[in-house]
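Asker: What follows is each chain in one-letter form.
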Amino acid sequence: MAEISVPTLILFIASIVIAAGVAGVLIDTVSGISNAVDDRGGDVSKSIKTDVEIISDPEAGVYDDANGTITLYVKNTGVRTLPADADAVDLFVDGQYQTATSLQVVDGTEWTPNGVVELTVSGVSLSPGDHRVKLVLDSDEEVFRFRTS
Amino acid sequence: MGFGVSGATAIVFLGLFIAAGTMFTTTATTFEQVDEARDDRQEQLLDRRNTAIAVTSAVYNNTTSTLNLSVVNEGSTTLSVNGTTVLVDNEYDSTASARVDGTAATDLWEPGETMTLNVSTSEPARVKVVTEYGVAETSQVTVT
Chain A
0 MAEISVPTLI LFIASIVIAA GVAGVLIDTV SGISNAVDDR GGDVSKSIKT DVEIISDPEA
60 GVYDDANGTI TLYVKNTGVR TLPADADAVD LFVDGQYQTA TSLQVVDGTE WTPNGVVELT
120 VSGVSLSPGD HRVKLVLDSD EEVFRFRTS
Chain B
0 MGFGVSGATA IVFLGLFIAA GTMFTTTATT FEQVDEARDD RQEQLLDRRN TAIAVTSAVY
60 NNTTSTLNLS VVNEGSTTLS VNGTTVLVDN EYDSTASARV DGTAATDLWE PGETMTLNVS
120 TSEPARVKVV TEYGVAETSQ VTVT
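Going down the list, the protein sequences come from chains A and B. For what it's worth, numbering that gives the first Met the number 0 labels the leading residue of the first sequence as 0, then goes sequentially. For what it's worth, numbering that gives the first Met the number 0 labels the leading residue of the second sequence as 0, then goes sequentially.
In short, the hints are calculated from the structure, not lab data. Since the model is a prediction, treat every value here as computed from it, not as a measurement. For each residue, glycine too, the CB sits at the ideal point set by N, CA and C. Treat the hints loosely; a few may be bogus.
Heads up, simulated SDA-like pairs for lysine to any residue below, C-alpha to C-alpha not over 20 angstroms straight-line [claimed, not checked]:
id, chain 1, residue 1, chain 2, residue 2
1, A, K45, B, Q32
2, A, K45, B, T28
3, A, K45, A, D93
4, A, K45, B, T25
5, A, K45, B, Q41
6, A, K45, B, D34
7, A, K45, B, T137
8, A, K45, B, T29
9, A, K45, B, D39
10, A, K45, B, L44
11, A, K133, B, G133
12, A, K45, B, T141
13, A, K133, A, G60
14, A, K45, B, F30
15, A, K45, B, E35
16, A, K45, B, E42
17, A, K45, B, V33
18, A, K45, B, T113
19, A, K45, A, T7
20, A, K45, B, D38
21, A, K45, B, T26
22, A, K45, B, R40
23, A, K45, B, T102
DEER-style ranges, computed between Cβ atoms [unchecked claim]:
id, chain 1, residue 1, chain 2, residue 2, range
24, B, T105, A, I32, 48 to 58 angstroms
25, A, V24, B, D106, 56 to 66 angstroms
26, B, A27, A, Q95, 37 to 47 angstroms
27, A, V105, B, D38, 37 to 47 angstroms
28, B, L44, A, G20, 44 to 54 angstroms
29, A, A87, B, F30, 25 to 35 angstroms
30, A, S46, B, A27, 19 to 29 angstroms
31, A, I32, B, R37, 15 to 25 angstroms
32, B, N61, A, L125, 30 to 40 angstroms
33, A, V104, B, L44, 50 to 60 angstroms
34, A, R144, B, D100, 11 to 21 angstroms
Covered by chain B, according to a simulated footprint, are these stretches of chain A (three or more residues, beta-carbon under 8 angstroms) [to be verified]:
id, segment
35, 39-52
36, 57-65
37, 68-80
So here's chain A without its partners, still in its complex pose (with noise of 0.2 angstroms):
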């Protein structure tokens, strides 16, 4: 009996064991997998709920050429708050990334809804012609077209 039953035991511990690290893998897996879908889920419905404009007048003179700035006004018209923070924003003029930006909301102190901010990019000499502005906040991208005399 002795003999039948030592092994039976050893069979049954080593299925046990087996089965339940084959379990334990897979849990952890889908917990993994589960994981990464709810981040992608915020970030797509975040990027949903993102989208600004560039709501500064063209014909008014954006580019100060005394100072070398250009000034753009950026209203939030999605339906979340953004990060009032100069990093969040990517800015392109005439393909050339700007380091130099800096943002100040005008109406308030966070960016919401509705909330405008004040863009200001120093350095930049622009020649007489067309020039083209480029802003990219999360997944939202806008293009500013301007001239300058």
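Go by the hints and put chain B onto chain A.
Answerer: Below, chain B alone, put in the same frame as chain A:
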């Protein structure tokens, strides 16, 4: 042996159930979140399509140094006065002192109503009014 196999099967199935449960909960929450965001966005886009404004007069008075601005809500959406942005020569101006059909203490700018705003400024050339949905109207300023 027989008990071992059934025990192992039970454990694997339990694992599968837990994994499926976790996956289902997360996926459902995520879809709900994305759906909600899309709903919000679509509602806003509908409002945007129903929005139209027109600058009826932009007159600068040289004697008093004030710009008198009248803008009509020509759409079918009620707009917010505080959500509206006025740029005079690419300079931001607060709409806090705006009046809607003569009423100062209101944030609502209903369809058909006229918003008037007096801005003290040096002689401007252009004015731009932007609604909360990004619908904008520009106008030249008449000097009197």
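Asker: Which of the numbered hints above does this structure break?
Answerer: 3, 7, 12, 18, 19, 23, 27, 33 and 34
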